[in-house]
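Undergrad: One letter stands for each residue in the lines below.
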Amino acid sequence: MILVKNGHVIDPVNGINEEMDLFIKNGRISSEFKINEKECEVIDAKGKLVVAGAIDIHAHIAARKINSGRAMRPEEFRRVRQKTGKFRAAVGRTLLTAPAIGYEYVKMGYTTAIEPATPSLYTLHTHEELDSIPIIDKAALPLFGNWHLVFKFIAENDIEKLASFISWVLEKMKGYGVKVVNPGGVEAWMYGSNAHSIDDLVPYYDVSVRDIITGLIKANEMLDLPHSIHIHCNNLGEPGNYETTVDTMKLANGIRNNRRQVLHVTHVQFNAFSGSGWKDMGSGTEEIIKLVNKSDNITIDMGQVIFGHATTMTADGPFQFDLHKLLKNKWINLDVELETGTGVVPLIYRPSSPVHSVMWAIALELGLLVNPDKNVISTDYPNGGPFDRYPYIMTLLLSRKYREKEMERAHKYLQRAANLPSIDIERTLEDIVKMTRSSPARILGMHNKGHLGEGADADVVVYDINPAEFNPDKYREIEKALSSALFTIKGGTVVVKNGKIAGDIWGRTMWVDATLRTTAEIIEPDLEEYFNYYTVNRENYGVEERWMRRAERIEVG
Amino acid sequence: MLIIKPKIDFEVNVEAEITPDIATDLEYAKSFTVYYGKLEMSLAELFEVEKEGDSKVIVLEGDFSRVKWIGKGMLDGEIIVRGNAGANYGAFMKGGKIVIEGNADDWIGAEMEGGEIIVKGDAKNLIGCPYWGDLEGMKGGKIVIEGNAGNYIGEKMVSGEIEVRGKAGDFIGTEMKGGLITIHGDCGIVGGDMKAGEIRIGGIFELVPAFRETDDVFVGDVNVKGKGIVRVLTL
Chain G
1 MILVKNGHVI DPVNGINEEM DLFIKNGRIS SEFKINEKEC EVIDAKGKLV
51 VAGAIDIHAH IAARKINSGR AMRPEEFRRV RQKTGKFRAA VGRTLLTAPA
101 IGYEYVKMGY TTAIEPATPS LYTLHTHEEL DSIPIIDKAA LPLFGNWHLV
151 FKFIAENDIE KLASFISWVL EKMKGYGVKV VNPGGVEAWM YGSNAHSIDD
201 LVPYYDVSVR DIITGLIKAN EMLDLPHSIH IHCNNLGEPG NYETTVDTMK
251 LANGIRNNRR QVLHVTHVQF NAFSGSGWKD MGSGTEEIIK LVNKSDNITI
301 DMGQVIFGHA TTMTADGPFQ FDLHKLLKNK WINLDVELET GTGVVPLIYR
351 PSSPVHSVMW AIALELGLLV NPDKNVISTD YPNGGPFDRY PYIMTLLLSR
401 KYREKEMERA HKYLQRAANL PSIDIERTLE DIVKMTRSSP ARILGMHNKG
451 HLGEGADADV VVYDINPAEF NPDKYREIEK ALSSALFTIK GGTVVVKNGK
501 IAGDIWGRTM WVDATLRTTA EIIEPDLEEY FNYYTVNREN YGVEERWMRR
551 AERIEVG
Chain P
1 MLIIKPKIDF EVNVEAEITP DIATDLEYAK SFTVYYGKLE MSLAELFEVE
51 KEGDSKVIVL EGDFSRVKWI GKGMLDGEII VRGNAGANYG AFMKGGKIVI
101 EGNADDWIGA EMEGGEIIVK GDAKNLIGCP YWGDLEGMKG GKIVIEGNAG
151 NYIGEKMVSG EIEVRGKAGD FIGTEMKGGL ITIHGDCGIV GGDMKAGEIR
201 IGGIFELVPA FRETDDVFVG DVNVKGKGIV RVLTL
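Protein chains in written order, with the numbering used here: chain G, 1 to 557; chain P, 1 to 235.
Don't read these hints as lab results, they were simulated from the structure.
You may find that some hints are simply not true.
[What the hints assert, rightly or not] Dumping the calculated DSSO-like pairs for lysine-lysine here, alpha-carbon to alpha-carbon at most 27 Å: (1) 225/P - 83/G; (2) 225/P - 328/G; (3) 330/G - 167/P; (4) 177/P - 46/G; (5) 38/P - 330/G; (6) 227/P - 328/G; (7) 500/G - 195/P; (8) 38/P - 325/G; (9) 325/G - 72/P.
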């Protein structure tokens, strides 16, 4: 039992922005008011900010990609973050080891992270990796956008079969939701082309990108999964791609869900370029921001880039190949047979580069102008940079002075190619709490997270920030306070004290079971045929719950 | 000047990242942290340390073949090894001079940016190379091996000079981007994926079959559109 006394609690879900006590019992927030202080661990949070644990909606923390990246980049592991002592050793610059991922997250107050792209064929490995990450709760989203069976069901225009297939995969893979990466494009690349607009067709299947996205949205809504489909749009990283992003967002028109959005567009920064080439590339956020703000069925996350080292890794094979050709840097391509592809390329974002500076500004425009209820802070770790720089992003959003200072460092081209210099907005602490806690929780359908109401998971963070005397001009102090939490409590255990790891526990891996909503028999002949020709036997395909360290089944239906 | 002698025969490797900067302060030098295997120790616990005069020179006397990382990142001054040297001497060094009078181990002058390293005996592999994963090797300075050298010399070298007076092994100037490598004796495979720079060889060698022959030199590697030059030294 823990009592957090006199802290200034900000909890937008329950409309709290005032001084109050929090009582934690059995790993949950309790509303009991007769508390015997002698039985509790008392934390005095007078004049400190108390919020729920943050959620990273999109970070490649496990799966085959990051491990291949680790193998390709031995130079990443020269930075020692923590030596072996009471807790495990933690190393890594942008590609962290599994213990480092868990420790760095909780140090800055994050208690949940989602691995957003796991190829089903290799998901057993993803769960092994997730099981090695200490403290935080996690989940994985299997990839669907380039799967032959998905094309087949969509070509047959059979949404019911597609829904059955999704729930079959989620159950087999212990996945949480539906991830779509460059739908149709990765498959087309296997024949030497790509998908450049939502009307492009997949070779040998009579389906367009449009059909794939709408089909998956409809199937996802038929199952009413906790999370909507989670899409990485076509044409990522190409000048002028904001038009494709807007077209993709418009596909959600007319489909709704009362609880949440029906389309989550991820790392939008990489998909919000204007221009016809790298010479006149600029910010194309204007239309996207308008569209997201007026629609209540679309949400986004930022995909901020951070100046310095990064490692790009996506399931978007063709994009990674283009990037490798552009940068002439080392590259790994991994083909995942009939399901998807993958590539990894290291990259350094330089303030002296006009393109990188504009990318940096685009994400901030999204962060400042998109409604915080529909927006989430992300770096698309490790594509935009390491996640341990989230406090930097938060501080940039909070403080105009800090932004101006950083803009001086960036290339001058930013001044005419981006709208950022004309934006005066400073986000409030409550906005930041929304963009890191309540919004991702609602978008992911995690009702016990992102708030501090009764029954919520006892993921509580105390920061050394006094909201009553908050001054955005003191940005160095804010960034420092956000980087090292005074206390992080995960599931009722104190895991961080004064920015240092104080407790090591194992978090849960959440997965969604929607099999009650579907009948597996209708896809039986298709699966039978598929596995007749696949490299892996059906019996050997998938992950069993008993193999996972702490699985939590979330049943819908 | 600081004179350092090992007190014992080392059973495991010692990691001592000492530079001539410590030569002027005896107390600081004695308490300098080094690692003996996994044990954290002070320099004086493993070595006899004496001071003579105030010059920025370190003299290592005895067998240092199990002592690694001497002169890492040094800026100026001089280190003289009167005996055999271990691995990683002069890695990342930016200036000054290292003289090894005996033989040297692997990774001499890895990723060095300036200064000079002279090995009077033989040197082993990976001379002036980048550490695993890095994209640039030696960026400046000069390495002279008066004896023979092993495999991998000047991989991904950007600038600077490496000279081997004796023979060398395989993989000379792989992925080289600039600078000069001279091998006076025989050597193995030369110039794989070479982009720019020059390699001069006096003995018999094997050139990767991706170089164009011009009047007096070979130009390649054509697979990576390289303009590197391989020149045969004549007497």
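Undergrad: Which numbered hints does this structure break?
TA: 1, 3, 4, 5, 7, 8, 9
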